[in-house]
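*Asks:* Residue-level listing of the chains:
There are 4 protein chains.
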Amino acid sequence: MAIRTIVWGENIHENENQTVRELYPDGLHGCIAEALNQDANIDATTATLQQAEHGLTQQRLAQTDVLLWWGHAAHGDVSDEVTERVCEAVWSGMGIIFLHSAHFSKPFKRLMGSSCNLTWREAGERERLWLTSPNHAIARGLPNHFELENEEMYGEPFGVPEPLETVFVSWFQGGEVFRSGLTYKRGAGNVFYFRPGHETYPTYHDENIRTVLRNAVNWAHNPARRIEDPVGAPNVPVNEAPEPIEERGPRLHRDGEAGFR
Amino acid sequence: MAIRTIVWGENIHENENQTVRELYPDGLHGCIAEALNQDANIDATTATLQQAEHGLTQQRLAQTDVLLWWGHAAHGDVSDEVTERVCEAVWSGMGIIFLHSAHFSKPFKRLMGSSCNLTWREAGERERLWLTSPNHAIARGLPNHFELENEEMYGEPFGVPEPLETVFVSWFQGGEVFRSGLTYKRGAGNVFYFRPGHETYPTYHDENIRTVLRNAVNWAHNPARRIEDPVGAPNVPVNEAPEPIEERGPRLHRDGEAGFR
Amino acid sequence: MAIRTIVWGENIHENENQTVRELYPDGLHGCIAEALNQDANIDATTATLQQAEHGLTQQRLAQTDVLLWWGHAAHGDVSDEVTERVCEAVWSGMGIIFLHSAHFSKPFKRLMGSSCNLTWREAGERERLWLTSPNHAIARGLPNHFELENEEMYGEPFGVPEPLETVFVSWFQGGEVFRSGLTYKRGAGNVFYFRPGHETYPTYHDENIRTVLRNAVNWAHNPARRIEDPVGAPNVPVNEAPEPIEERGPRLHRDGEAGFR
Amino acid sequence: MAIRTIVWGENIHENENQTVRELYPDGLHGCIAEALNQDANIDATTATLQQAEHGLTQQRLAQTDVLLWWGHAAHGDVSDEVTERVCEAVWSGMGIIFLHSAHFSKPFKRLMGSSCNLTWREAGERERLWLTSPNHAIARGLPNHFELENEEMYGEPFGVPEPLETVFVSWFQGGEVFRSGLTYKRGAGNVFYFRPGHETYPTYHDENIRTVLRNAVNWAHNPARRIEDPVGAPNVPVNEAPEPIEERGPRLHRDGEAGFR
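Protein chains in written order, with the numbering used here: chain A, 14 to 274; chain B, 14 to 274; chain C, 14 to 274; chain D, 14 to 274.
Treat the hints with caution; some may be incorrect.
Stated by the list, open to error - The calculated lysine-lysine pairs, modelled on BS3-like cross-linking and capped at a C-alpha distance of 27 Å, are:
hint	chain 1	residue 1	chain 2	residue 2
1	B	K198	A	K198
2	D	K198	A	K198
3	C	K198	D	K198
4	A	K198	C	K198
5	D	K198	B	K198
6	C	K198	B	K198
No wet-lab data here; the hints were simulated from the structure.
Can you build the whole structure from these sequences, using the hints too?
*Replies:* Structure, rendered in structure tokens:
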């Protein structure tokens, strides 16, 4: 069965800014979904901020293998309820890929547990991405480096925890560097951050970028059956302890009582 | 100058439960602070849930090097504002140590970005902590393993990200294991989780436990000057780029405009 | 195409010790290969210490996707040349799985860069393995814990670097714990250490163990084309620099000269 | 007591190459030791390849807290015996700092367990180091980036395991990037790799570089008492098991017998 994938788009600058509309007439999310669907192993649809529950109902997330997130101007408009729902889906096994300015999205900040800040400059300068993890699944079919002639600059320090693996590091014409491809795991869910993708440039039409996105979806997919209650904290009664023990000392909890949360 | 340390206590079971009150007449926070102050390099005070702003004003946190957190029954009563304030202090360089049931506290869940769940049993069984990182600063002066005759059991899987280092792993009489001492870094702040410390047992009177706590404060202390704005995302204008570049292509932002958040 | 897998066995105690011979009439390597071949996606053969070049010629390794290693009594008899050859295969993308007493094998010590020591006791005690990484590919189809009624004890501290992920932690009847399943990456090669497997017990006939082994082979397999020269350090001449630069200052190397090694 | 530090130098190009001799009349090791001794907390001496046992006798290493290693042209001349001795000292708690072309030194390759390769170009181009880990002890007193006007280029991919922390990433004028400051732990020993330092440039006279070196020695120092036998694998007899057990099943080893290695 194909990997059930949602591309979530904020869907604002596509409607308000002439440059962005011409580059992405179907929205950034539409362009990204189209790139993903070129892989027969991926079945990508879209969801946007403006839809009910931002298009991310409990039921839909339960049937989603990988979620991609692009947002920029309206991070604050994403509801806390949907944010927590997305995070629980990740902990239960859904893969998630954060793109470019999603570094400041609510779900990314929630999953990283850190400030997620960086420096930036919008000058259409050249970016060159170097592969730092040879033969990583996310780099399949790529050269050891590739260029984007016009991109926004993001500079270090990037306020994220040390990753499981650093997959790409970017060189910028103006003199900065950035760790552009980072992998994490949160619960049973694989997490990937990928830097490029400023909306005023044709980044998502670039073939190398589209290859990374397809690879990343395949990498992020965890085929295991979802964990049913990813936040549960089950009590193991004394008579179900793996080794026979007898209860000793004072207790706070009565038999069968749930723990505090 | 001594390490300015706050022991934060929920301060509920000490008042409501006869067993806990007898074990900890000055509160768990009071007992822990007393243990810390045996180290001339530590200057420990306390704060509790019931105080204004839970005793953790912006001003007080700005002058705190290390914060210890013990909570259990009232995680939900901690305000979101103080939670975020504590996290920003960590990102700017304050060390933080989470004790026992603080695994489900708001600041720990926020800093981990994960579910932080586990299995548990309150049966007063024997726990044996094994040191897994020889000569770690947190283990100074300890034997390679030590025991607590009565403790609550916490079992794997523990819903946390892979740590920087696993310092302790616990063996339980009833057959479970748990990664009991884990280090993390979030921004400029060092983070340590330490498992033992159920309030109905005399854990914080145990000499090995008290040694761990003192070591952990010394380890968590980052002597560097605090980062002033740990969440800032400064723009680097074209004319301040380290290498001379000329602006190219369309722009979203006007000169001097702040980025979206 | 199936995953081309070699099970390497030291093949000594199977011939010299009556207990081991009765448990493993085809050798430990034979029993493990038979378990792997129950997976249609795996094509497992064997190699042993006594064969020419220990059965691990350059040509054979070049056509191997995953190597499993079991050794105990004769680590010192493995040639340094074959050890280095195995490591280079790993760096170029071959997966490798170290079993039980292979913690002291030459290739494991070479790939870890550490002492790889531990404590041990041969008493046929009960071992219980707990899954610490929910839904990890190596744990597919397993319960959250399982037992081996008789095993050798290995205890912490285990002299290895902090892993990418801790997948299993063991509880021992005699009171010790051990990080029993650890993942690493070295170059393009995935590395897994799995603790159980003492030769005087029927461990490799246990269904849960056999499931782990099959899962681990599937996890360790990197389908990318092997890196041709995994130790090469290519010079990038000035006229091939991605950005145009002019040579400045004094030089040590002449044009076209190889670097020092 | 001051941190007992040895700067190990290959001491070849200083004698053979006019440029290097003029830059470093006391040798690279002499210049580095002089920089370190400006810190009252450091007591730095030197050792060189040409001395008996390369100046690194068992006795001297036993009384050394931190070792710095600079080598380039003669990695192969370092004896395997001294290499192993240095690694055992690290596992027992000695800190070690590898400088520039020491990426291909025997001790670094031995401790990393990987290929340690990279790309390179000797063109005297500009290097800019960016701090990626805010407030790291190794970055004390440094700006968030600094430049070296002339350096050799090292490019990714760098054949090392994912580090504990990435402290610096370099930008090169010719278009490459490199993870220039990486921390590791091997046994009880802290390990730091720091990229700059080509012998034909005045890098070790740069104030920022000298600050990094002093910080790194302070960071790498583990004040704990050295582990006496860092490679020992002690047997724990049945009657010394922490929990009472009875021996069961067949055994390979006789009472008191040492384990295989």
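*Asks:* Run through the hints listed earlier and report the numbers of any the structure violates, in increasing order.
*Replies:* none
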